[in-house]
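Q: Sequence:
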Amino acid sequence: MIVKPDPSFLPPLPLPAPIVLANGRHIVSEEQRVSMKTLYEQHGLSTWKIGKLFGYKNVCIINNLKKMGVSLRNRSDANKTIEVNRLYFKQIDTHTKAYLLGLIYADGNVCKDSFTLALQEPDKPLLEKIAIEIGYKGLLRFRKRQKPNRQDIWVLRVHDREFCESLRKLGVVDRKTSKLNFPYFLDPIFYWSFLHGLLDGDGCVCIYKRCDGSSILTGSIAGSPFIIPQIAQFVKSTLGVHLTATKRKGTNGWCCTANCMSALKFLSYIFKDAKNFCLKRKFLKFQEAVEHYSHHNRFDKFKVLVQNVSNQYLNEASCSFAV
Numbered sequence: 000m001i002v003k004p005d006p007s008f009l010p011p012l013p014l015p016a017p018i019v020l021a022n023g024r025h026i027v028s029e030e031q032r033v034s035m036k037t038l039y040e041q042h043g044l045s046t047w048k049i050g051k052l053f054g055y056k057n058v059c060i061i062n063n064l065k066k067m068g069v070s071l072r073n074r075s076d077a078n079k080t081i082e083v084n085r086l087y088f089k090q091i092d093t094h095t096k097a098y099l100l101g102l103i104y105a106d107g108n109v110c111k112d113s114f115t116l117a118l119q120e121p122d123k124p125l126l127e128k129i130a131i132e133i134g135y136k137g138l139l140r141f142r143k144r145q146k147p148n149r150q151d152i153w154v155l156r157v158h159d160r161e162f163c164e165s166l167r168k169l170g171v172v173d174r175k176t177s178k179l180n181f182p183y184f185l186d187p188i189f190y191w192s193f194l195h196g197l198l199d200g201d202g203c204v205c206i207y208k209r210c211d212g213s214s215i216l217t218g219s220i221a222g223s224p225f226i227i228p229q230i231a232q233f234v235k236s237t238l239g240v241h242l243t244a245t246k247r248k249g250t251n252g253w254c255c256t257a258n259c260m261s262a263l264k265f266l267s268y269i270f271k272d273a274k275n276f277c278l279k280r281k282f283l284k285f286q287e288a289v290e291h292y293s294h295h296n297r298f299d300k301f302k303v304l305v306q307n308v309s310n311q312y313l314n315e316a317s318c319s320f321a322v
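Take the sequence shown: its position 67, counted from the start at 1, is 66 in numbering that gives the first Met the number 0, and no numbers get skipped.
Only true hints are included.
Label-pair ranges, simulated between beta-carbon atoms:
id : residue 1 : residue 2 : range
1  : Leu-86    : Cys-210   : 46 to 56 Å
2  : Gln-90    : Lys-56    : 39 to 49 Å
3  : Asp-151   : Arg-72    : 26 to 36 Å
4  : Lys-56    : Arg-174   : 29 to 39 Å
5  : Arg-167   : Arg-72    : 19 to 29 Å
6  : Leu-138   : Ser-28    : 34 to 44 Å
7  : Tyr-183   : Cys-205   : 26 to 36 Å
8  : Ser-28    : Lys-128   : 43 to 53 Å
9  : Lys-208   : Pro-147   : 21 to 31 Å
10 : Glu-164   : Gly-239   : 30 to 40 Å
11 : Lys-208   : Glu-164   : 42 to 52 Å
12 : Met-67    : His-25    : 16 to 26 Å
13 : Asn-251   : Leu-12    : 48 to 58 Å
14 : Arg-209   : Gln-232   : 27 to 37 Å
In case anyone wonders, no lab produced these hints; they're calculated from the structure. Ideal Cβ placement from N, Cα and C applies to all residues, glycine included.
When you get a sec, could you build the whole thing from the sequences and use the hints?
A: Printed below as a string of structure tokens:
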């Protein structure tokens with residue numbers, strides 16, 4: 000049970016000594032138990048940190064607190080020392096919240112009382128802005144890639160029961176990959192912001208070069224076999240744009256795709272409300288396609304729409320939020 004005390008931890012109160020037997024064995028004294036209870040209940044220290052102070056293993060602290068009749072905190076309660084706005088997702092009433100919900104649908108996860116959002120290393124600035132937006136005061140965690148073809152990632156992890164419960168009510172359930180549906184419970188004015196988050200999290204904006212030198216813009220969103228047909232139906236009924244829904248090879252996921260002018264119109268509506276959060280690399284691909292198609296005969300009917308989308312990034316302060 001005995002480990003070397005960590006001198007870097009300074010106790011908030013004097014620590015009593017253990018009982019030392021003739022054979023040199025240490026036994027936790029009653030005074031130590033009282034101090035453990037005080038440190039745990041009144042000072043909010045974790046069992047791990049209390050163990051460091053006394054030089055005992057974590058399991059020893061837990062057992063002695065139980066003997067004292069102390070009600071131990073669960074993981075959610077224990078981590079509430081890291082502040083977060085637990086009511087943030089109580090109501091989706093802004094374009095930013097709708098965008099973040101879409102991003103969480105793609106790259107977020109809720110398991111019990113723990114929420115995790117993981118993004119690739121180049122997207123760390125976006126994760127930092129999200130942490131500020133939801134009032135999270137903790138640190139992001141770095142995770143080294145496990146496979147050569149994967150990128151390193153940064154992780155935002157929140158342990159809060161109420162925060163996670165709000166996300167569950169919004170459809171972010173355990174093992175959500177094959178269960179997600181389109182969030183028709185949102186105000187329709189936020190649908191496109193939600194799709195923007197979904198695109199940034201699990202979508203693609205690409206420009207393919209043809210053999211004749213011309214380019215093709217492709218915009219696609221991946222998701223569950225339920226949400227993809229629903230997205231395609233929504234876009235068809237709203238814009239008259241047909242998205243091709245196909246099953247992704249080797250997975251249970253599906254993908255809906257638009258090409259050329261259809262992609263230009265589809266992506267213009269996705270980006271039009273992106274005033275606070277956006278993955279800059281995907282928007283720059285869109286702008287590159289705009290430059291290419293501006294010389295196309297069919298571009299004129301989209302000219303005003305595309306210019307309005309571009310202007311809010313080039314001429315407004317919102318450009319600084321694109322990361």
